[in-house]
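Participant: Listed here are the chains, written in short residue letters.
Protein chains: 2
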Amino acid sequence: MLEIIEKNRCFKGFQEVYSHLSKSNKCNMKFALYTPDTNEKIPILFFLSGITCDEQNFIQKSGFQKFASDKKIALIIPDTSPRGENIKNSEDYKLGKGAGFYLNAITDEWKQHYNMYDYIADELPTIIENNFNFDTNRIGIFGHSMGGGGAIQIALKNEKIFKSISALSPICSLFQSDFSAMAIKEYLNSNSEIISKYDPISLIKNSVVRKDIIKIDVGLNDEYLKDLYISEFEQECIKHDQKIDISKHKGYGHNYYFVQTFIEDHIEFHYKNLRNKI
Amino acid sequence: MLEIIEKNRCFKGFQEVYSHLSKSNKCNMKFALYTPDTNEKIPILFFLSGITCDEQNFIQKSGFQKFASDKKIALIIPDTSPRGENIKNSEDYKLGKGAGFYLNAITDEWKQHYNMYDYIADELPTIIENNFNFDTNRIGIFGHSMGGGGAIQIALKNEKIFKSISALSPICSLFQSDFSAMAIKEYLNSNSEIISKYDPISLIKNSVVRKDIIKIDVGLNDEYLKDLYISEFEQECIKHDQKIDISKHKGYGHNYYFVQTFIEDHIEFHYKNLRNKI
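Protein sequences, first through last, are from chains A and B.
First residue of the first sequence: 1, per the working numbering; consecutive thereafter.
First residue of the second sequence: 1, per the working numbering; consecutive thereafter.
Don't read these hints as lab results, they were simulated from the structure.
If you're wondering where the values come from, they're calculated on a predicted model, not measured in any experiment.
We treat Cβ as the ideally placed atom computed from N, Cα and C, and that holds for glycine.
It cannot be assumed that every hint is accurate.
[Said to hold, decoys possible] Computed far set for chain B versus chain A, every beta-carbon distance over 12 Å:
1) Tyr93
2) Gln112
3) Phe132
[To be verified] Taking lysine to aspartate or glutamate pairs in the DMTMM-like style, the calculated list, with each CA pair at most 20 Å apart, reads:
4) A:Lys197 x A:Asp178
5) A:Lys41 x A:Glu16
6) A:Lys12 x B:Glu264
7) A:Lys61 x B:Glu16
8) B:Lys7 x A:Glu223
Using the sequences plus the hints, can you model the full thing?
Facilitator: Structure representation (structure tokens):
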């Protein structure tokens, strides 16, 4: 049962926000949805946001709506983690609400609600199929920072669902990044075998690869660059025949000023990839 | 003495924020500045924000940078009111910090710090002249909501400084709008003669008009439409030979989803107006 809680005209379409009871996370979740005006069955892109974000940051700050409106492509922007008073949280912004890390927790403390992997890879595609008229044979996925890494790991394992993949400033290593240190300990009990299944670099090392190209953009003035492990990810992709196109941009940081600068390129990339899929 | 407190690469330019001691408001003020890459002496646009905003809202949510970068036009985005611990405030969001209303207060309680008219019309143009290399013969001004009304009243009285004027969803009546009811009472002691000098409709009635056209956009789904008095302003403009071009857009609200949809048109409008000024 979806409840619409925001609806605003934006370019030639509507920016909406929905609330619903999530079966994966056993709490109410929100997601944002941008739908361009059209009678056609159009493709839809998942955008996964970074740590501290909810469903609002990207829809307010990225300026994507102009390009989604022009290209007639819908976007769904889920929250990054379960929410609500009864949901376990942490003082550390890299854990708990705002830092779900797009994985299924295995520890007793977190496993009841922190199942963002199932939510993105299974529950949301089903919700889209059952409630809207988008072309679910043409779903793409991308994201920023924690969400960039999340988009990559989910896309690597779910090529049949997500037909196109890109990322902005993605966290490519759960094992090594300071951002994910608390998450892999707390959510996954530091279990290497399970971490590997959510870690972009490990997945590529284990030859979990896609046929299509992964597009990545990153700023060279990104204050977190060394914690993203993008070059290491690139090297593994080359070794394991995963096609990859990484653009490194002089002067740009990790923030939404960077995201808004390159968002048009990403919408265009997915538009072209999804145009001829069936 | 300007202190730079933020600097981020955004499109082909930099989005910066400065702090300085304001002589008009006798406190530290912040303004945002977007400067496209160029060696030329380019025009600059003032953008005045609405109630509750500071210098951040517009630079994060409007997506203007793409168009300012393309057109090589700088933008300065001042705060809407004085700030700081020692500055008088109000429980009411329509008064005090976040609601300076671009006027000079006359009451003892407010007059020391609330002098946003002087700040915009005099202090900031001087700061630009003394600290940057923009073409101060080509300054335009626009704004949203309270800032749209502020831009109009300032532009009507300062045609020699501001060579181009537009507004998004402007509050056109200080006398009648619920938004300004507290402000005119508290800042201006309900003095009609003084209110008239800051009230767009009254200025036009008193034949304080410009030679150029005022461009206005507003959404017909704007939840505050009846409090903006745009049609009344239009009628007075027609009566008093002030050229005006009002576009009313079906379905759009008062928010930044509306602003981002039409921001390109406004940048383009000022670009064309300022292109040939000397």
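Participant: Does each hint hold? Answer for all of them.
Facilitator: Here is how each hint holds up against the structure:
1. Consistency note on Tyr93 of chain B: stated as away from chain A, and its beta-carbon is indeed over 12 Å from all of that chain's, at 19 Å minimum.
2. Remark: the non-interface label on Gln112 of chain B is consistent with the geometry, its nearest Cβ contact in chain A lying 35 Å away (cut-off 12 Å).
3. Non-interface status of Phe132 of chain B relative to chain A is upheld: no Cβ of that chain comes within 12 Å, the nearest being about 20 Å off.
4. For the given pair, Lys197 of chain A sits about 18 Å from Asp178 of chain A by alpha-carbon distance, which is consistent with the 20 Å threshold.
5. Annotation: proposed proximity of Lys41 of chain A to Glu16 of chain A holds, straight-line Cα distance about 18 Å (limit 20 Å).
6. For the hint linking Lys12 of chain A to Glu264 of chain B, the alpha-carbon distance of about 14 Å falls within 20 Å, and the restraint holds.
7. Among the hinted pairs, Lys61 of chain A with Glu16 of chain B is consistent with the structure: their alpha-carbon atoms are about 16 Å apart, no more than 20 Å.
8. Between Lys7 of chain B and Glu223 of chain A, the direct Cα distance comes to roughly 13 Å. Compliance with the 20 Å bound is thereby established for this hinted pair.
When held up to the earlier numbered hints, the structure conflicts with none and fits them all.
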